[in-house]
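J.: With chain L fixed as given, assemble chains S and Y onto it according to the hints.
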Amino acid sequence: MDTTIVKSNFKSEEYFINMGPQHPATHGVLRLLLTIDGEIIKKVEPDLGYIHRSIEKMCERDSYQQIVHLTDRMDYLSSHINNEAVCLTVENALQLEMPDRVKVIRTILSELTRIASHCLWWGVMGMDVGALTTYFYGFRDREMINDIFEETCGARLTMNYNIPGGLMFDVHPNFVKRTKDFIAHFKTKLPEYDTLLTGNVIFQKRTKGVGILTKEDAISFGASGPVGRASGYSCDVRKHHPYSAYDRVTFNEAIKTEGDTFARYQVRIQEMWESISIIEQLIDNIPDGDVQVATNAVIKLPKGEYYQKVETARGELGVYIISTGTKNPYRVKFRSPGFSNLSLLNHIAVGGKIGDLVASMATLDLVIPDIDR
Amino acid sequence: MTNEALQNLISSWIPDLEFAEEESQFLNIIVAPENLHQLMTELKINSKTSFDYLFCLSGVDWQPELGVVYHLESTAHRHIVVVKVKTSDRENPVFDSVCDIWKTAEFHEREVFDFFGIKFNNHPNLKRLFLTEEWEGFPLRKDYEDDINMVIK
Amino acid sequence: MIITLSITKTIQDWLIGMMPEGVASILAMVIVALIYLAIFAVAGLYLVLLERKVAAWFQLRIGPNRVGYWGLLQTMADALKLVSKELTGTIKADKFLYNLAPYFVIISSLMALAVFPFTKEFQAFDINIGIFFLIAISSIGVIGILLGGWSSNNKFALIGAMRSGVQTISYELSVGLSLLTMVLLTGSLQLSEIVEVQKEGWLILQGHVPAIIAFMIYMIAGTAETNRAPFDMVEAESELGAGFHTEYSGMKFAYFFLAEFINMFIIAAIATTVFFGGWLSPFGITESLPWLGIFWFLGKTLVIVFLMMWFRWTFPRLRIDQLLTLEWKYLLPINLVNIVIMAIIVWLNLTIKF
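Protein chains in written order, with our numbering: chain L, 16 to 388; chain S, 4 to 156; chain Y, 1202 to 1555.
Looking at chain L on its own, in the form it has when it is part of the complex (with noise of 0.2 Å):
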């Protein structure tokens, strides 16, 4: 990228800075170019792709079997959701019902996906803002959920637990009760993330009126996720285009009509609590059954042009994939949630201090290789 300045537009106190690629604030190799009065903010700038792999590229050329493996480098704290997206298009694409079991399951498996990934969204957010203890507070409950992944699919991270046509085996047997354990053990502890973190007279003003997003401004970009439900834009595809088991259960979609950075805070600790409730009201009624249905060795998609959605942790994500009815799709397009929210980064920033940048971009929750794909 160029960043001589050719023809100053620049007042005299103005500076650039360089935030990134290497910065603790930006989490991965994010690169944003700030011009700054002093320690305002005039003009945020990302820099993207020093982690770009074209996954859409290599999607081309891969069978919808590998495709699937390539999306849990995405956004790899919801690699389990991302896996899903793209067997959801491929199974609505051949028209395959799919099995009670692997609903529940998947929705299981989805919700605490979400967990997690909140549960170090919060860590990192109580670091952001100076809070340094969030972080192991988090990883503590973080680190039961990989447990219980790593029984179940073999990974902590990188779950490829879901194929085409369902999941790759069954569930470990220590499944539901690990989960009952953790849920139990989960509902103890998150209060104690509002005594640590929520509750601070400096949390709350290093937060509150910062970053506000409107909810015109929320939908013109294309916000979604808790970024968007905080401005008070109801986003949830679980609500609006539900999947899996979202539509035998109930809860509430987490929304706040502030739009500033408490709210985008609030809103994700309120999907944890939603998250739990859902899985309360799977984890007892597992439905008996296969967990696949069977599909040929090599997947053909008829002619034609998918697209799914599914609520990520961070937001929508969408699966487009154009067919010509070979064994390679022609075109996949991954519509990511970190994309979208990181446009309305220069938005929210301008006008704030440095600490404010700071603060609303751990709120957007950016994971880069999610926005690089």
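Calculated from the structure, these hints are not laboratory results.
Remember, it's a predicted structure, so these values are computed and weren't measured experimentally.
Be aware that a few hints might be false.
To be verified - Calculated lysine-lysine pairs in the BS3-like style (CA-CA distance at most 25 Å, straight line):
{"#": "1", "chain 1": "Y", "residue 1": "K1530", "chain 2": "L", "residue 2": "K220"}
{"#": "2", "chain 1": "L", "residue 1": "K72", "chain 2": "S", "residue 2": "K130"}
{"#": "3", "chain 1": "L", "residue 1": "K254", "chain 2": "L", "residue 2": "K58"}
{"#": "4", "chain 1": "S", "residue 1": "K51", "chain 2": "L", "residue 2": "K315"}
{"#": "5", "chain 1": "S", "residue 1": "K122", "chain 2": "L", "residue 2": "K315"}
{"#": "6", "chain 1": "Y", "residue 1": "K1530", "chain 2": "L", "residue 2": "K368"}
{"#": "7", "chain 1": "L", "residue 1": "K223", "chain 2": "Y", "residue 2": "K1530"}
{"#": "8", "chain 1": "Y", "residue 1": "K1254", "chain 2": "L", "residue 2": "K204"}
{"#": "9", "chain 1": "L", "residue 1": "K57", "chain 2": "S", "residue 2": "K89"}
{"#": "10", "chain 1": "S", "residue 1": "K51", "chain 2": "L", "residue 2": "K318"}
{"#": "11", "chain 1": "L", "residue 1": "K230", "chain 2": "L", "residue 2": "K318"}
{"#": "12", "chain 1": "S", "residue 1": "K51", "chain 2": "L", "residue 2": "K72"}
{"#": "13", "chain 1": "L", "residue 1": "K318", "chain 2": "S", "residue 2": "K130"}
{"#": "14", "chain 1": "S", "residue 1": "K89", "chain 2": "L", "residue 2": "K58"}
{"#": "15", "chain 1": "L", "residue 1": "K254", "chain 2": "S", "residue 2": "K122"}
T.: Below, chains S and Y without anything else, positioned relative to chain L:
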């Protein structure tokens, strides 16, 4: 609104729109590049359609045509429509930008420009997003070749 | 030779027997300085270890536990590593100032240690303007931070340095005024005198309400003086990378790091001396054994150090404008009113004395 109602309504605005519903779960509208911006503006501001949420903007290389696919949803009416625009000019494909209608389009159009080389008129900041400025070629085009980085099966 | 607790005098008397008086007093100063330097370099390292252990305890971790028993040699190992590291720097840095800055910081914090009465007569330098000397010396450190940030030719460092300047100048006022409040009670700036006064009750009891307010203000401002969380705007690693010491490595970085911990000790030691009776034991239970005063002094100081660590590991960081709002709109007015209240209390003789 149902797809038929949408089709009837939208076809009354601009002549020569092509509608398709097979091979897709949504209503597809194929529009000529010169009518794109007019159609999009109408889709957004008309209170019957009010497609205020552009949830996906993808570039597609249809060989030989290059095109852009817009997935639109209305947060008020919860209906979805897909708008497609194509051009056969591979050397200098140009469409009108829609980032004055949906702000999210700014980044998405930069991505399309980056990978497909499709230019957008009136885009405030059209430059490479992921790749470096000196990158040659547009990787997501079907005729793109890179002997070193691509594994052809 | 009679060994008394007054080390300067003891050493000087011992040396005078061997050489002319002038040489002896200079040599005595050097020896005392070296003793202090050695003790506090090690003490600083152990404060770092303590912080790491406390942090680990707060964060559900074990903390350093590999080097030595219970990790006791961990910070020694770290210091050795830092000594052996290459001293890097930016090409366009102002080399002279860049190299000078760490010494400013570490020297100013070591100088302040000279005036503390660790126990009866155990004091290197019993200056009669002790409190004034401490306030003056502790502000020198900020010059080092400003120089370091400015000369490293790094924008992050520069922002950190400027924040530091703003912050220290502001909070210096509160530290000074809250100590001044207590000076109204003691009537003396000399630290040994201040401790002596407290034989009738620790000042925080003598001065009751205004003293407690002064202590709270002092703790807030003192934490800000040391640039520690929640006032670590200077480093603010999620905003500025490492702030003013971004470009420092090896031993020069270690000086900054050590100075932070020694400063923390100094702030706590001042609090102990001025509010909690210095080396005096509670209710005079060990009055007959003055050397035990060292343990009382260190014990009280470490409790306050722990309090500051507690702040650091639980509170989020303030934003720079909130930091200044807190000082200029809240702490300073409260402080000024508090001085008046204290003056009235002293005037009407409403202090509590045993």
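J.: So which hints don't hold here, by number, going up?
T.: Checked against the structure, the hints that fail are numbers 3, 4, 5, 9, 10, 11, 12, 13, 14 and 15, while the rest are satisfied.
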